[in-house]
Every structure is written in structure tokens, then in C-alpha cells.
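Peer 1: The whole structure should be built from the sequences, with the hints applied where relevant.
Number of protein chains: 2
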Amino acid sequence: MKRNLYLNTMPVEEAGELYMRSLGDAAGPHTEKIKVTDALGRVTSEAVYALYSSPLYNSAAMDGIAVVSSSTEGASESSPVTLRAGEDYMVVDTGDPVRKPYDAVIMAEDTQENEEGMIIHAAAPAWQHVRPVGEDIVSGEMILTRCHRIRPIDIGVLLSGGVTEISVFAQPKVGIIPTGTEIVEPYEDPKEGDIIESNSRMFEAMVKEQGGIPKRYDIVPDDYELIKKSVLRALDENDMVIVNAGSSAGTEDYTVHVLREIGEVFVHGVAMKPGKPVILAKACGKPVIGIPGYPVSAYLAVENFVYPVLRSFTGMKGSSGRKIRAVLSRRLVSSLKHREYVRVRVGKVGDRYVCAPLARGAGAAMSMVRADGFCVIPQEAEGYEAGETVDVILFRTAEEIDRTIVCTGSHDMLLDVISDLMSGEAEGIRLSSTHIGSLGGLMALQRGEAHISPSHLLDEETGIYNESYIRSIFPGEEMVLLKGVRRIQGLMTAKGNPLGIRGIEDLKRVRFVNRQRGAGTRVLLDYKLKQAGIKPEDVDGYDAEAATHMAVAAQVAGGEADCGMGVYSAAHAMGLDFIPVGEEEYDFVMRPETLDMPEMKCFVKLLGSDEFRAKLDELGGYSLEGSGEIMKIK
Amino acid sequence: MKRNLYLNTMPVEEAGELYMRSLGDAAGPHTEKIKVTDALGRVTSEAVYALYSSPLYNSAAMDGIAVVSSSTEGASESSPVTLRAGEDYMVVDTGDPVRKPYDAVIMAEDTQENEEGMIIHAAAPAWQHVRPVGEDIVSGEMILTRCHRIRPIDIGVLLSGGVTEISVFAQPKVGIIPTGTEIVEPYEDPKEGDIIESNSRMFEAMVKEQGGIPKRYDIVPDDYELIKKSVLRALDENDMVIVNAGSSAGTEDYTVHVLREIGEVFVHGVAMKPGKPVILAKACGKPVIGIPGYPVSAYLAVENFVYPVLRSFTGMKGSSGRKIRAVLSRRLVSSLKHREYVRVRVGKVGDRYVCAPLARGAGAAMSMVRADGFCVIPQEAEGYEAGETVDVILFRTAEEIDRTIVCTGSHDMLLDVISDLMSGEAEGIRLSSTHIGSLGGLMALQRGEAHISPSHLLDEETGIYNESYIRSIFPGEEMVLLKGVRRIQGLMTAKGNPLGIRGIEDLKRVRFVNRQRGAGTRVLLDYKLKQAGIKPEDVDGYDAEAATHMAVAAQVAGGEADCGMGVYSAAHAMGLDFIPVGEEEYDFVMRPETLDMPEMKCFVKLLGSDEFRAKLDELGGYSLEGSGEIMKIK
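Protein chains in written order, with the working numbering: chain A, 1 to 634; chain B, 1 to 634.
In short, the hints are calculated from the structure, not lab data. Be aware that a few hints might be false.
To be verified - Derived CB-CB ranges, DEER-like:
{"id": "1", "chain 1": "B", "residue 1": "Glu87", "chain 2": "A", "residue 2": "Glu225", "range": "29 to 35 Å"}
{"id": "2", "chain 1": "B", "residue 1": "Glu32", "chain 2": "A", "residue 2": "Lys323", "range": "45 to 51 Å"}
{"id": "3", "chain 1": "A", "residue 1": "Glu629", "chain 2": "B", "residue 2": "Pro11", "range": "36 to 42 Å"}
{"id": "4", "chain 1": "B", "residue 1": "Glu87", "chain 2": "A", "residue 2": "Glu625", "range": "56 to 62 Å"}
{"id": "5", "chain 1": "B", "residue 1": "Ser22", "chain 2": "A", "residue 2": "Lys323", "range": "41 to 47 Å"}
{"id": "6", "chain 1": "B", "residue 1": "Asp610", "chain 2": "A", "residue 2": "Arg260", "range": "39 to 45 Å"}
{"id": "7", "chain 1": "B", "residue 1": "Leu18", "chain 2": "A", "residue 2": "Asp596", "range": "27 to 33 Å"}
{"id": "8", "chain 1": "B", "residue 1": "Gly193", "chain 2": "A", "residue 2": "Glu116", "range": "27 to 33 Å"}
{"id": "9", "chain 1": "B", "residue 1": "Gly558", "chain 2": "A", "residue 2": "Glu116", "range": "57 to 63 Å"}
Stated by the list, open to error - Result set (DSS-like, lysine-lysine): computed pairs, CA atoms no more than 30 Å apart in a straight line:
{"id": "10", "chain 1": "A", "residue 1": "Lys208", "chain 2": "B", "residue 2": "Lys173"}
{"id": "11", "chain 1": "B", "residue 1": "Lys35", "chain 2": "A", "residue 2": "Lys215"}
{"id": "12", "chain 1": "B", "residue 1": "Lys323", "chain 2": "B", "residue 2": "Lys33"}
{"id": "13", "chain 1": "A", "residue 1": "Lys634", "chain 2": "A", "residue 2": "Lys348"}
{"id": "14", "chain 1": "B", "residue 1": "Lys323", "chain 2": "A", "residue 2": "Lys348"}
{"id": "15", "chain 1": "A", "residue 1": "Lys208", "chain 2": "B", "residue 2": "Lys215"}
{"id": "16", "chain 1": "B", "residue 1": "Lys191", "chain 2": "A", "residue 2": "Lys100"}
{"id": "17", "chain 1": "B", "residue 1": "Lys605", "chain 2": "B", "residue 2": "Lys634"}
{"id": "18", "chain 1": "B", "residue 1": "Lys535", "chain 2": "A", "residue 2": "Lys100"}
{"id": "19", "chain 1": "A", "residue 1": "Lys530", "chain 2": "A", "residue 2": "Lys495"}
{"id": "20", "chain 1": "A", "residue 1": "Lys191", "chain 2": "B", "residue 2": "Lys634"}
{"id": "21", "chain 1": "B", "residue 1": "Lys323", "chain 2": "A", "residue 2": "Lys601"}
{"id": "22", "chain 1": "B", "residue 1": "Lys35", "chain 2": "A", "residue 2": "Lys173"}
{"id": "23", "chain 1": "B", "residue 1": "Lys615", "chain 2": "A", "residue 2": "Lys33"}
{"id": "24", "chain 1": "B", "residue 1": "Lys100", "chain 2": "A", "residue 2": "Lys508"}
{"id": "25", "chain 1": "A", "residue 1": "Lys33", "chain 2": "B", "residue 2": "Lys208"}
{"id": "26", "chain 1": "B", "residue 1": "Lys601", "chain 2": "A", "residue 2": "Lys323"}
{"id": "27", "chain 1": "A", "residue 1": "Lys348", "chain 2": "A", "residue 2": "Lys530"}
{"id": "28", "chain 1": "B", "residue 1": "Lys348", "chain 2": "A", "residue 2": "Lys323"}
{"id": "29", "chain 1": "B", "residue 1": "Lys33", "chain 2": "A", "residue 2": "Lys215"}
{"id": "30", "chain 1": "B", "residue 1": "Lys348", "chain 2": "A", "residue 2": "Lys348"}
{"id": "31", "chain 1": "B", "residue 1": "Lys33", "chain 2": "A", "residue 2": "Lys615"}
{"id": "32", "chain 1": "A", "residue 1": "Lys33", "chain 2": "B", "residue 2": "Lys173"}
{"id": "33", "chain 1": "B", "residue 1": "Lys528", "chain 2": "A", "residue 2": "Lys208"}
{"id": "34", "chain 1": "A", "residue 1": "Lys35", "chain 2": "B", "residue 2": "Lys173"}
{"id": "35", "chain 1": "A", "residue 1": "Lys323", "chain 2": "B", "residue 2": "Lys605"}
{"id": "36", "chain 1": "A", "residue 1": "Lys35", "chain 2": "B", "residue 2": "Lys615"}
{"id": "37", "chain 1": "A", "residue 1": "Lys337", "chain 2": "A", "residue 2": "Lys323"}
{"id": "38", "chain 1": "B", "residue 1": "Lys173", "chain 2": "B", "residue 2": "Lys35"}
{"id": "39", "chain 1": "A", "residue 1": "Lys215", "chain 2": "B", "residue 2": "Lys215"}
{"id": "40", "chain 1": "B", "residue 1": "Lys215", "chain 2": "A", "residue 2": "Lys35"}
A virtual CB, placed ideally from N, CA and C, is assigned to each residue, including glycine.
Peer 2: Right under this line is the structure:
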């Protein structure tokens with residue numbers, strides 16, 4: 001099979017409209033009758049009317065006695081009236097029928113029983129404490145409109161109104177076919193060259209959330225005939241089919257050819273990033289969609305093209321997500337060739353929402369987990385400037401965003417520990433951290449884009465951490481320095497230290513991996529190199545940059561580099577050897593008002609908790625001397 | 001069993017806190033290990049860390065050729081370099097490993113093949129288009145914190161990170177016991193005195209939504225021993241039990257006595273309206289909650305007291321609902337004896353949210369279906385004045401509220417028809433109508449509390465509908481009158497017209513049911529009575545008021561009255577006889593800018609649609625002459 005080097009790239013909207021138009025009846029909806037008791041979350045396909053009234057008859061609204069109102073006339077505190085049992089009144093509980101001649105109810109607590117009967121001290125006007133037939137629901141009345149998603153209260157009212165079956169949109173069955181010779185099931189032990197198949201499981205969950213019934217098929221290797229056979233079987237057993245991946249134009253991308261043979265391909269390639277290699281087709285009178293393999297591309301392709309088909313089947317209207325306006329923290333450049341979806345973290349700092357772009361790679365699935373939403377750059381725009389206010393489509397509610405501490409700066413694994421502990425506290429408090437190095441964090445704090453900045457910047461002249469940097473970045477402003485931890489920095493190297501590295505002086509003879517500019521660890525390295533009289537250009541790999549301690553450790557563990565600098569906990573977590581070069585202070589910088597946020601009070605509380613201390617002991621390489629101390633810096 | 005006339009009424013907060021404290025470990029949480037592929041919607045009980053890195057190895061980010069970067073040095077448009085297959089390069093697809101000595105990838109579209117090998121026109125720097133091991137996920141990295149609700153994307157990333165099993169909070173099993181001698185299963189044909197059992201089905205759905213597993217038991221009659229047996233069995237088979245009803249203090253309310261015998265009752269009665277008769281208890285080391293029988297009380301009692309216990313089991317944090325601030329349209333008086341939950345409809349008129357209280361009865365379940373939220377009046381407040389801005393806890397999203405037409409005024413069944421048709425249109429457009437009569441509707445419109453007011457007010461002097469009323473209520477303002485329908489008004493009477501009613505003149509000799517003051521139908525009646533020379537005091541039941549045409553029809557059908565006035569469609573729907581007394585005009589009044597709302601454009605479109613016409617034909621008694629015409633009134 002030859003490569004088909006260039007895909008068409010149709011604008012996203014146009015592709016979607018063309019597809020839905022081409023599908024016509026192939027995208028449902030179908031309807032079915034179901035029991036009301038099974039209807040939670042289902043969507044009505046037609047209006048529902050009450051069969052009975054509720055209450056079904058005039059009934060007592062209170063526990064007490066049913067009386068004939070005219071026989072109570074004149075009763076008062078000063079001239080009580082005695083009613084005779086079986087003649088003048090009847091004991092009723094709430095909900096009991098009030099039959100003629102009775103036409104009113106007197107509450108139990110307003111009566112007194114004696115031998116002669118029941119004594120009352122006030123007249124009961126007609127219809128007092130009686131619920132007339134149909135007070136709540138009148139037979140024939142519309143209870144629900146069409147396209148209504150059934151809630152618990154609806155189930156109660158439908159049954160009260162005598163409705164036991166309703167018409168709803170049928171749930172579409174969706175076949176999901178993972179393809180690829182290199183992919184393996186999650187439960188097998190992966191070898192080099194293997195890719196763990198996870199997309200189809202994500203699709204199953206996405207289909208369920210949208211009200212469909214997913215059916216996943218076995219992994220099909222990259223083989224034209226096998227793919228064709230699997231697609232035909234899935235089409236036979238489902239209402240629509242998703243094929244993943246092989247939707248691009250590579251040598252082993254058979255999907256589009258198979259779909260051309262057995263059906264009609266309307267679109268191959270859309271102007272969307274990530275997510276360009278999408279196939280929108282119909283075969284055997286049913287929708288078939290080819291989805292790219294990169295997880296972020298896959299997610300976006302499903303949201304943009306599978307969801308509308310599912311909604312057409314399920315009758316769900318729902319909007320496409322909550323939108324807010326947020327100030328962009330960094331310039332975003334995009335191409336006129338596509339609409340781009342940039343994952344962002346969002347937080348509310350002061351009275352404005354700010355958003356920080358995350359990794360943009362189509363393979364960076366973890367950034368989807370970390371993200372709070374998408375900033376969408378339209379195809380006709382070349383991007384946005386830093387400081388511009390942009391639309392963000394949120395994954396979370398605005399309430400969750402409002403309760404999030406935005407933490408921007410230096411990376412340490414203890415942030416994960418605090419974040420985990422915070423999530424265990426009441427009512428959805430969150431810590432959202434972005435790692436751009438100590439200096440970058442302080443700059444973000446200065447621009448009002450973060451609540452707190454973790455920082456470990458050494459002043460070479462005084463040997464004091466952070467203080468002089470704060471004074472120079474926030475001149476004339478009073479800032480708070482919340483003392484964090486002392487941690488051991490050092491050189492990480494392969495297990496057993498095969499190259500016999502003993503310290504900074506050995507960096508001239510090994511392949512090194514550095515941290516990015518502005519990272520406190522890099523500042524420390526530069527200081528140590530200077531002390532040792534080594535020039536940066538003499539270190540092989542000084543310009544190779546990794547963004548976190550763990551990323552450095554991964555490079556060393558993977559053999560890409562012989563040595564990198566970082567904290568003990570990262571080396572420990574990756575099973576590396578560690579040569580200490582010194583202890584440093586890792587603190588949190590913030591504006592004074594931030595200390596008053598309830599979320600921040602929780603952060604400070606957790607910093608001093610036994611569970612935090614125990615977790616750090618487990619990670620290793622930390623000391624908590626002075627931790628939690630609050631200093632004012634001006 | 002004696003009546004226990006007075007319950008304690010503990011403040012809501014205090015009761016909840018006392019109960020959760022008393023339950024201690026009895027409210028979980030328990031944890032369990034489950035497969036990641038089954039984890040959608042479940043909540044992590046501990047942080048989850050990656051077992052593998054992703055990618056697992058250095059891999060190609062593009063389809064193309066893997067090369068040794070140093071061997072491409074110097075390649076350019078003017079001096080292309082030819083690479084030899086198997087030696088200088090290797091063909092790779094996206095995701096394939098890039099093994100040493102290869103350290104870069106050149107995209108397929110930037111290469112040209114000839115007999116000697118592959119021609120390239122640009123040098124490839126080291127690591128170009130290569131995804132380093134761990135670029136997305138580093139082994140040992142925290143993927144999710146504790147208390148995180150699993151989304152589809154999380155499933156994908158967990159599997160990519162080698163995690164196939166996770167610890168989550170176990171789903172609590174909840175036994176639900178409906179009790180009551182008078183209640184019947186929904187599938188039986190109810191007789192007088194029967195109450196259709198619907199609460200337990202609502203509870204099942206509520207428990208499911210909160211992540212529990214409901215188990216409903218058969219209806220138990222009001223019998224001490226039978227209730228005790230059922231509760232003990234349910235306790236044995238579940239993590240907690242809900243008993244409904246019998247939670248009050250009536251002669252047949254056994255629940256509290258049973259629970260006192262087999263366990264401990266912490267609270268009986270809370271200061272909440274509706275929902276006072278709640279029992280909070282523990283038996284056999286498990287929570288047992290007694291819930292009142294009225295559906296609205298039941299709903300509120302479950303939300304306030306069952307949900308916190310469920311959340312303690314499931315680890316779900318979630319907030320207690322979206323809040324907005326809205327202007328109250330009517331005075332609300334409440335007692336210092338309780339916290340009151342008032343159902344309200346909410347709409348956005350102009351730039352402010354307005355809310356209108358609905359029926360306050362504990363039995364008015366249908367008002368829960370119609371409501372958009374609760375206005376909560378705290379125990380320490382005696383109510384709110386009309387025009388005050390109050391907190392509303394929404395059942396719907398603010399987006400849905402923003403897309404709702406608020407329709408306040410006269411009632412007609414055609415509003416249900418339009419509401420149903422609107423729900424079928426794209427993206428959640430809604431019509432929300434409150435029925436307070438024509439005059440009340442115009443006053444609400446005047447105060448900015450509604451978008452449109454359906455009105456059929458006859459000017460006795462001119463015989464013209466609505467116009468003079470608009471001029472007098474909106475002096476000097478230009479208003480829009482959207483012509484609606486002509487409809488037949490008449491007298492409704494029992495099937496076969498047993499009393500031989502022929503017209504208005506017969507109202508002197510029958511039991512009548514009237515509409516409320518300000519209703520256009522009452523204005524019409526008064527006019528007709530005057531024409532016939534009949535005084536209101538000569539009509540038996542002139543002061544008996546019903547709020548809608550259907551409510552009047554229900555009273556006549558139920559035999560509470562012999563005759564009432566209303567539209568043909570209502571008589572037709574309830575199978576009543578109908579004696580026409582005249583045709584009238586039923587129109588929609590609004591401010592000019594309302595016509596520009598997209599939702600209103602949809603309303604106007606539907607008013608002229610074939611489906612609307614067909615539905616009105618089905619209802620009967622309408623003509624659409626002049627319908628959709630827009631008049632400016634000043």
C-alpha cells in the first residue's frame with residue numbers, strides 16, 4: 001500500500017455539517033418504550049401526559065379528624081363544640097380520602113378526646129386541610145416535554161400520575177475497533193516497540209457518558225482483510241462504528257481504503273490540531289468514523305465528530321461545555337491551516353480568571369488530565385498575545401476553579417503530596433501546579449497569574465535563598481515567604497554508578513542533562529560549576545533541557561544521559577544512584593492577601609500535618625526544620 | 001399505639017452534624033480494588049502513580065525515516081544528501097521506537113526516494129520529531145490524587161501509565177423499604193383510598209445518582225412486627241437503610257418505635273419545611289433513616305440527610321448545588337420555627353435573574369418538576385419581601401436558565417404544546433410558564449419579571465381584547481402584541497350534562513367553581529353575568545377559586561362542582577360536556593426587544609408551524625386566524 005502523503009483538511013465546522021447531512025437517517029434517532037423505573041438519565045422522545053390525577057381523590061392533608069364544616073360553626077375557645085364519633089367526625093391520617101359528607105379536616109393537635117366525643121375550639125371552614133383531587137397533577141396534563149432527560153423527581157411524578165411506561169430515544173450501540181500491529185492489551189507486560197492500547201477504553205467511557213452502549217472488539221493487526229472483516233462484523237452488530245487508528249495516510253493506514261471499498265468516505269482529514277487525520281464515512285447504512293491514534297487527537301476527534309452523531313441518536317441536546325473568559329499568561333502562536341485546541345490550566349487570581357497553556361503535543365495525554373479546559377484558537381486566527389482575554393471551554397465547574405490554588409514555579413514531588421492531601425479535604429479544594437522554574441514562577445506571581453510560587457533561588461553572594469530575588473522582582477511591595485522544606489540536591493546517575501561519578505568535577509567527562517533556564521536547580525548547578533572552575537561549554541549536554549526533576553531522572557534511567565542534577569526523591573523514585581552536592585531551601589512566595597484564602601489556610605495546615613511529614617519521609621531527602629514559618633519580605 | 005403528638009424540631013444543620021458524629025464508622029467509607037476499565041464515575045480512595053513511562057521508549061513522533069543526526073549535517077536545498085537504506089536510515093511510522101544509533105526523524109513528506117536511497121534537503125538536529133521516553137508520563141509520577149472522580153481521559157492515561165487496577169471507595173448498598181397499608185404498586189389500578197407508591201422509585205434513582213446501589217423491598221403494611229422484620233432483613237443485606245414513610249407521629253407511624261427497639265434514634269423531627277418528620281437512627285451498626293411520605297418532604301429529607309451519609313461512603317465531595325442571586329417576584333413569609341425550601345422558577349429577564357415562587361405544599365411534587373431551583377429561607381428569617389435579591393440553589397445550569405423564555409400570565413394548554421415543540425429544537429431552549437392570570441401576568445411583565453405574558457382581557461366597552469389594558473399598565477411605553485389564537489370559552493359540566501345546563505342563566509341553580517381574581521376567564525364570566533343580569537352573590541361557588549382551566553375541569557370531573565367556565569380543550573381533555581358561551585382572543589404581550597431574543601424567534605416560528613396547528617386541531621376549540629401577527633401598541 002502506497003503512502004497517501006497529503007490529506008485534505010476541511011474546516012471543522014464544514015466537515016461536521018457535511019457529515020451529518022450526508023448521514024441523514026443513518027444517525028437515528030430510534031425510539032423505544034421503557035419502564036419509568038428504568039428511565040433515569042434517558043431522554044423522552046415525546047411529551048408525557050398524566051393518566052391519573054394526584055391526589056386521586058379529595059384527601060386529608062394532615063393527621064386528624066374529617067368533619068362536616070357546617071357542624072363546626074360557632075366553635076371557639078370560649079364555646080367549644082363536641083363532635084360525636086362515627087357521626088360528626090372520622091379519624092383520618094394524612095392521605096386518607098375525605099368522603100362526603102365530610103368536607104374539612106381538623107388537625108389532631110387541635111382536638112381533645114373525652115367520653116362524649118371529640119372537643120374542638122375553632123370552626124373549620126370548608127376544604128380546610130383537604131387536598132382536592134388533582135391538586136398536584138391533573139389527569140391529561142403534560143408532565144414532561146419531549147427531549148427531557150429523566151431525573152429522580154420525574155420518576156416519582158410520572159408514577160404518581162399513573163405513567164408506568166414512556167417513549168425514549170434508544171441508546172445507540174457503538175462498536176469500537178482498536179487496530180495496530182504494535183499495540184498490546186493493557187494487561188500484558190509491554191516490551192520495547194509495544195504501545196499499550198488505551199484509546200478504546202477511553203472511547204467506551206466517552207460513549208457511556210453520552211448515553212450510548214459501547215462494544216469493544218479485539219485488537220486487529222494492520223492487515224487490510226482483517227480490518228475489513230472486523231468492521232463489517234461490527235457494523236452488523238451495532239448502530240455505528242469507531243475505528244482506531246490507521247486513519248492517517250501512512251504505509252500501514254488501511255482504514256480509509258477499507259471504508260472506500262465497503263462504503264462511502266465523505267471526509268478524510270480536518271483542519272484541526274490535534275486531530276487532523278479523521279475519517280467520516282458511512283457503510284452498510286451506518287456511520288463509521290476513523291479516529292487518529294494519538295490520545296489527545298483521539299479525544300478531540302471523538303468530541304467533535306462522534307458526539308454529534310451520538311446526540312442525534314440519543315436526542316440529548318446539552319451544550320458543548322461551560323465557557324469562561326480568562327487572561328492568557330503566555331503568547332500562543334497558531335497556524336491559519338487549522339483550528340487549534342490548546343490545553344490550559346485555569347485559576348481565579350484576585351477577581352480575574354487566568355489561564356496557562358500546557359503541553360501542546362498530540363501525545364501528551366497526561367496534560368489532558370492536568371488541564372482545566374481548552375483554549376480554542378480559530379482557524380482564521382494566528383494566535384493570541386500574552387495578556388489577551390480569551391474564551392476557555394472548561395472541563396470543570398466554575399465553582400471548582402474558584403476553589404483552586406494556582407501554584408506556578410519550581411517543581412518538587414512534595415507538590416503532588418500536598419495536592420493529594422488537599423483533595424482529601426472537604427468540598428473540592430484543589431492545588432493546580434505548573435512547573436516553569438523558580439524564576440518563571442515569581443514572574444507569573446508578579447503578573448497576577450498565580451497565587452503562590454514555589455522557589456529555591458540561591459543568592460550566590462549571601463548564600464540566602466529567595467529573599468533577594470523577591471525584593472528585586474516585587475520592589476516596594478510587601479510579600480510573604482512561607483518557609484517550605486530543606487531538600488538535598490545532587491547528581492543522579494545509573495544504578496551502581498557505572499562511571500564512578502563523585503561530584504561536580506566529573507561533569508566534564510560524562511553526558512549531562514540540564515534543567516531549563518530559570519530553574520533553581522540550574523542556578524545551583526551554575527554556582528557549583530563556577531566554584532569548581534568548570535565552564536558550561538565544557539559540559540556535554542549543558543544545553544539539553546528537561547522540565548522537571550522526574551524528567552531528568554527518566555532521561556538518566558533511559559540511558560539518554562549519564563548524569564543530571566535534581567532532588568534525592570526523584571532519584572529514589574526512579575531507582576537511581578545519588579551523589580549529594582548540597583542542601584537547599586524550597587519555599588513558597590505569595591502576596592499577603594493570599595494567606596487569607598480558605599484554600600491557602602488548608603495548604604498551610606497540611607504543610608504541618610503528620611501525614612505530610614510521613615509522606616516526605618517515604619520520598620526521602622527532605623527536612624522540615626522551620627517549615628510553615630511565615631516571613632514578611634519588603 | 002398512641003399518637004406522639006409533638007416531634008422535636010432540631011435545626012437542620014445541628015441535626016445533620018449530630019447524626020454524622022453519632023454514626024462515626026457506620027458511615028464508611030469502605031474501599032475496594034477495581035479494574036480501571038470499570039472505573040468510570042468511581043472515586044479514587046488513594047493517589048494513583050504511573051507504573052510505566054509513556055512513551056515507553058524513545059519513539060517516532062511522525063511517519064518518516066529515523067536517521068543519525070550527524071549524518072545529515074550540511075544537507076540543504078542546494079546540496080541535498082542521499083542516505084542509504086538499512087545503513088543511514090530506517091523507515092518508521094508514528095510511535096515506532098527510535099533505537100541507537102538513530103537519534104532523529106525526518107518526515108516522509110520531506111524525503112524523496114530514488115535508486116540510491118533517500119534524498120533529504122535539510123539537516124535533522126538531534127531529537128527532531130522524537131518523543132523521548134517519559135515525555136508524557138514518567139514512571140512513578142502521580143497521575144491522580146485521592147477523591148478524584150474518574151473521567152474517560154483518566155482511564156486512557158491510567159492504562160497508558162501501566163495502571164490496570166485502582167483503589168476506589170466502595171459503592172454503598174442502600175435498602176429502601178416503602179411502608180403503608182394504603183399504598184399500592186404503580187402497576188396496579190388504583191382505587192379510592194389507594195396511594196400510588198412512587199417515592200421508593202425516586203429514592204432508587206437518587207441513590208444511583210449519588211453512586212450508591214439501591215435495593216428496593218416490597219411494600220410493608222403499617223404493622224409493627226412486619227416493619228421490624230423488613231428493616232432487620234434490609235440491614236443485614238445493605239450498608240444503610242431508608243424507611244418510607246411512617247416517620248411522623250401519627251397513630252400508625254411505627255417506624256420510630258421499631259428503630260428505638262432495635263437501635264438508637266438520634267433525631268426525630270427537624271426544623272425544615274417541607275420535610276419535618278425525619279428520623280435519624282443507627283441499628284445493627286448501620287445508618288437507618290426514616291423519611292416522610294409527602295414527595296417534596298421526601299426529596300428534601302433525602303437531599304439533606306441521606307446524601308451526606310452516601311457521600312461519606314462514596315468519598316464524593318461535590319458541592320451542594322449551583323447558586324445564583326435572583327430578584328424575588330413575590331413576598332415570601334416563613335416561620336422562625338423552621339428553615340423553609342420554596343420551589344421557584346428562575347429566568348433571566350434583561351440583565352438580572354428573577355425568581356417566582358411555586359406551590360409550597362409538601363404534596364406538590366409536580367411543582368418540583370416545574371421548578372428551576374429552591375429559594376431557602378433560613379430558620380432565623382421571617383421571609384423575604386418582593387423585589388429582594390435572594391440566593392437560589394439551581395437544579396439546572398445557568399446556561400439553561402439563560403435560554404429560557406419566562407412566560408407569566410394566563411393559562412392555556414397551547415403553552416404546553418409550544419413548550420414541548422421548543423424542547424425539540426436545538427440546544428436546550430425552554431419555555432417556562434407560570435399561571436397567575438392575565439392581569440397578574442401583565443403586572444409581572446411591567447415589573448420586569450417576565451419576557452412574555454399570555455393575556456385574554458376583554459374591554460367591555462369596546463369589545464376589543466388586551467389593547468386597552470396594555471395602554472393603561474404601560475403608559476407611554478411602546479409594547480408588542482403578538483396575536484395568538486382565538487379560542488372557545490364555555491361552561492364545562494359532567495358527561496351527559498345531567499343538570500341540563502344551557503347557558504349563563506343556569507348558573508343560579510348549580511354549584512359553580514370560579515377562576516382566581518385577575519384571570520381573563522373570570523373577567524369574561526363577570527361580563528357575561530352582567531349581560532344576563534345575574535349578581536355574583538347569586539352564584540353558589542363564585543368564591544371557590546381554581547388556578548387553571550384544567551383545575552376547574554378536574555373539580556367538575558371529580559364532582560366537587562357541577563359547572564365551571566373554561567376553554568373547550570380542557571373540557572375535551574377531561575371528557576366533560578361543554579356549552580360554548582363565546583370566542584375570545586388569547587395573545588402574547590412583550591416589550592419590543594424581546595422579539596430579538598433567539599428563543600423568542602423560535603417561539604414565533606413554532607406558532608406558525610404545521611405541527612403546532614395539527615396539535616391544536618387535536619386539542620380542539622381553537623382557530624388560528626391572524627395568529628403570528630405583530631402589533632405595536634402605544
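Peer 1: It remains to establish, for every hint, whether it holds in the given structure.
Peer 2: Hints, one by one, checked against the model:
1. B:Glu87 <-> A:Glu225: 29 to 35 Å: holds (34 Å)
2. B:Glu32 <-> A:Lys323: 45 to 51 Å: Since Glu32 (chain B) and Lys323 (chain A) have Cβ atoms about 37 Å apart, the given range 45 to 51 Å is violated.
3. A:Glu629 <-> B:Pro11: 36 to 42 Å: Check passed, 41 Å falls within 36 to 42 Å.
4. B:Glu87 <-> A:Glu625: 56 to 62 Å: holds (59 Å)
5. B:Ser22 <-> A:Lys323: 41 to 47 Å: holds (44 Å)
6. B:Asp610 <-> A:Arg260: 39 to 45 Å: This hint holds: roughly 40 Å between Cβ atoms.
7. B:Leu18 <-> A:Asp596: 27 to 33 Å: holds (31 Å)
8. B:Gly193 <-> A:Glu116: 27 to 33 Å: Given range 27 to 33 Å: holds, Cβ gap about 29 Å.
9. B:Gly558 <-> A:Glu116: 57 to 63 Å: violated (34 Å)
10. A:Lys208 <-> B:Lys173: holds (23 Å)
11. B:Lys35 <-> A:Lys215: With a Cα-Cα distance of about 17 Å, the restraint between Lys35 (chain B) and Lys215 (chain A) holds, given a limit of 30 Å.
12. B:Lys323 <-> B:Lys33: Roughly 36 Å separates the two Cα atoms, so the pair is violated.
13. A:Lys634 <-> A:Lys348: Roughly 25 Å separates the two Cα atoms, so the pair holds.
14. B:Lys323 <-> A:Lys348: With a Cα-Cα distance of about 18 Å, the restraint between Lys323 (chain B) and Lys348 (chain A) holds, given a limit of 30 Å.
15. A:Lys208 <-> B:Lys215: holds (23 Å)
16. B:Lys191 <-> A:Lys100: This hinted pair holds, its Cα atoms lying about 17 Å apart.
17. B:Lys605 <-> B:Lys634: Cα-Cα ~25 Å, so holds.
18. B:Lys535 <-> A:Lys100: holds (29 Å)
19. A:Lys530 <-> A:Lys495: holds (28 Å)
20. A:Lys191 <-> B:Lys634: violated (81 Å)
21. B:Lys323 <-> A:Lys601: Holds - the C-alpha atoms of Lys601 (chain A) and Lys323 (chain B) are around 24 Å apart, at most 30 Å.
22. B:Lys35 <-> A:Lys173: Status holds; Cα separation ~23 Å.
23. B:Lys615 <-> A:Lys33: holds (22 Å)
24. B:Lys100 <-> A:Lys508: Cα-Cα ~23 Å, so holds.
25. A:Lys33 <-> B:Lys208: Distance of about 21 Å is within 30 Å: holds.
26. B:Lys601 <-> A:Lys323: holds (24 Å)
27. A:Lys348 <-> A:Lys530: violated (41 Å)
28. B:Lys348 <-> A:Lys323: holds (18 Å)
29. B:Lys33 <-> A:Lys215: The hint holds at about 24 Å.
30. B:Lys348 <-> A:Lys348: holds (25 Å)
31. B:Lys33 <-> A:Lys615: Distance ~22 Å between Lys33 (chain B) and Lys615 (chain A) Cα, so the pair holds.
32. A:Lys33 <-> B:Lys173: Holds. Lys33 (chain A) to Lys173 (chain B) sits at ~28 Å (cutoff 30 Å).
33. B:Lys528 <-> A:Lys208: violated (60 Å)
34. A:Lys35 <-> B:Lys173: Distance ~23 Å between Lys35 (chain A) and Lys173 (chain B) Cα, so the pair holds.
35. A:Lys323 <-> B:Lys605: OK: Lys323 (chain A) and Lys605 (chain B) at ~28 Å, within 30 Å.
36. A:Lys35 <-> B:Lys615: holds (26 Å)
37. A:Lys337 <-> A:Lys323: holds (24 Å)
38. B:Lys173 <-> B:Lys35: holds (20 Å)
39. A:Lys215 <-> B:Lys215: holds (28 Å)
40. B:Lys215 <-> A:Lys35: Judged against 30 Å, a Cα distance of about 17 Å means the pair holds.
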